[in-house]
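**Student:** Each chain is listed here by its residues.
2 protein chains.
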Amino acid sequence: MNKKGSAVIISGPSGSGKGTTVKALLKARGSVRLSVSATTRQPRPGEEHGREYFFLSKEEFENKIKNGEMLEYAQYCDNLYGTPRDYIERCVSGGEDVILEIDVQGGMQVKNKMPDAISIFLIPPDRATIEKRLRGRGTESEEVIAQRLKKADEELEYADKYDYIVICGEIDKCVADILGIIDSKKLESANMIDYVKENF
Amino acid sequence: MNKKGSAVIISGPSGSGKGTTVKALLKARGSVRLSVSATTRQPRPGEEHGREYFFLSKEEFENKIKNGEMLEYAQYCDNLYGTPRDYIERCVSGGEDVILEIDVQGGMQVKNKMPDAISIFLIPPDRATIEKRLRGRGTESEEVIAQRLKKADEELEYADKYDYIVICGEIDKCVADILGIIDSKKLESANMIDYVKENF
Chain A
868 MNKKGSAVII SGPSGSGKGT TVKALLKARG SVRLSVSATT RQPRPGEEHG REYFFLSKEE
928 FENKIKNGEM LEYAQYCDNL YGTPRDYIER CVSGGEDVIL EIDVQGGMQV KNKMPDAISI
988 FLIPPDRATI EKRLRGRGTE SEEVIAQRLK KADEELEYAD KYDYIVICGE IDKCVADILG
1048 IIDSKKLESA NMIDYVKENF
Chain B
868 MNKKGSAVII SGPSGSGKGT TVKALLKARG SVRLSVSATT RQPRPGEEHG REYFFLSKEE
928 FENKIKNGEM LEYAQYCDNL YGTPRDYIER CVSGGEDVIL EIDVQGGMQV KNKMPDAISI
988 FLIPPDRATI EKRLRGRGTE SEEVIAQRLK KADEELEYAD KYDYIVICGE IDKCVADILG
1048 IIDSKKLESA NMIDYVKENF
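Residue numbers (the numbering used here), protein chains in the order written: chain A, 868 to 1067; chain B, 868 to 1067.
Note that these hints are calculated values from the structure, not bench results. Mixed in with the good hints, there may be bad ones.
One copy or two, it doesn't matter: identical chains are merged, so the pair holds either way.
Here are the simulated DSS-like cross-link-like pairs (lysine-lysine), alpha carbons at most 30 Å apart as the crow flies [unchecked claim]:
| # | residue 1 | residue 2 |
| --- | --- | --- |
| 1 | 871 | 1028 |
| 2 | 931 | 999 |
| 3 | 1053 | 999 |
| 4 | 933 | 1053 |
| 5 | 1040 | 999 |
| 6 | 1018 | 1064 |
| 7 | 925 | 871 |
| 8 | 1053 | 890 |
| 9 | 1064 | 933 |
| 10 | 870 | 1028 |
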């Protein structure tokens, strides 16, 4: 049996139910864990290096980019955020399935550098649900909702670049679908052939 | 949602538990059905055209071969046996997952002509289990057991040509693995993109 885990890229527009799904996924299976990103921003009180983030200096971060050690990165408000390759590879080698919850730009970068990663695009059952979910939060102004919907439409254009598209309607079904995808990957003959060689 | 089913090729050596697995699979899910082969042999009492086999004349069968209408075929004891393409395509279009329980030669032929088919190689947990299962039948002579083991070794060489390798130890686990593979296929983005186009 292949003991390796998978890197699992999960993207999806606002209102796709991504956050809820990832939480349920972590709860449903102990060997699934959430990726820890690297950042150049200062740690806040209570945050721990390697738990919330890997806190790096700007120089350290930029060196990692130069050396190809970041699977993806982006800048927000003067700070760099990214996914360290060595961390992901350590998780995967250790048999963990590690979830990268990232936007479509980041998702494409990771898939490019790590073709063996499983990429999953989450969608709500339909467009009306996005709007309903955004309004349901009760925190967004009409203007923000309009912006989010526009961004969702742009992101949906990337759906077919992902390996899988999973509908996030009923949460248990969605989690089962994702776990089924992760489990099937382990049964691909390339991942099972060592078992055959060892036992036959 | 993609309404199409899949053609699912299942091969595996003697003693792999293939027969038991296929039976359990059909029982576990109503939309999974067993493929009906075509043959030139005479129907036996009680056999029905389209249920046990599609009974064809030698001429009809050979015409189908010529016209590329057989996904695979082989000759046993002067009779031809094969898998009619139109039948499989009808099942798949109708949303059924159709199981082709065939040997490695047939499996390779089908995969070649129908690249979208899911090919699964079933293995027992180890080589000792093959022998145990063959002996457990209590019907085979030592000579036959030796032949079967030799054939099993030859067939195992094909394992890595299949999309998936599934261990057939505990039957429920094996059935769940296969259903997971079938379900994941439906979530591939190529099979889901129409849903996205229709609902967004």
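**Student:** Each hint needs a verdict: does it hold in this structure or not?
**Tutor:** Tested hints:
no., hint, in the structure
1, 871 - 1028, "both (24 Å within a copy, 21 Å between copies)"
2, 931 - 999, "neither (41 Å within a copy, 54 Å between copies)"
3, 1053 - 999, "between (37 Å within a copy, 27 Å between copies)"
4, 933 - 1053, "neither (32 Å within a copy, 39 Å between copies)"
5, 1040 - 999, "within (20 Å within a copy, 39 Å between copies)"
6, 1018 - 1064, "between (49 Å within a copy, 17 Å between copies)"
7, 925 - 871, "neither (32 Å within a copy, 51 Å between copies)"
8, 1053 - 890, "both (22 Å within a copy, 24 Å between copies)"
9, 1064 - 933, "neither (39 Å within a copy, 39 Å between copies)"
10, 870 - 1028, "both (28 Å within a copy, 21 Å between copies)"
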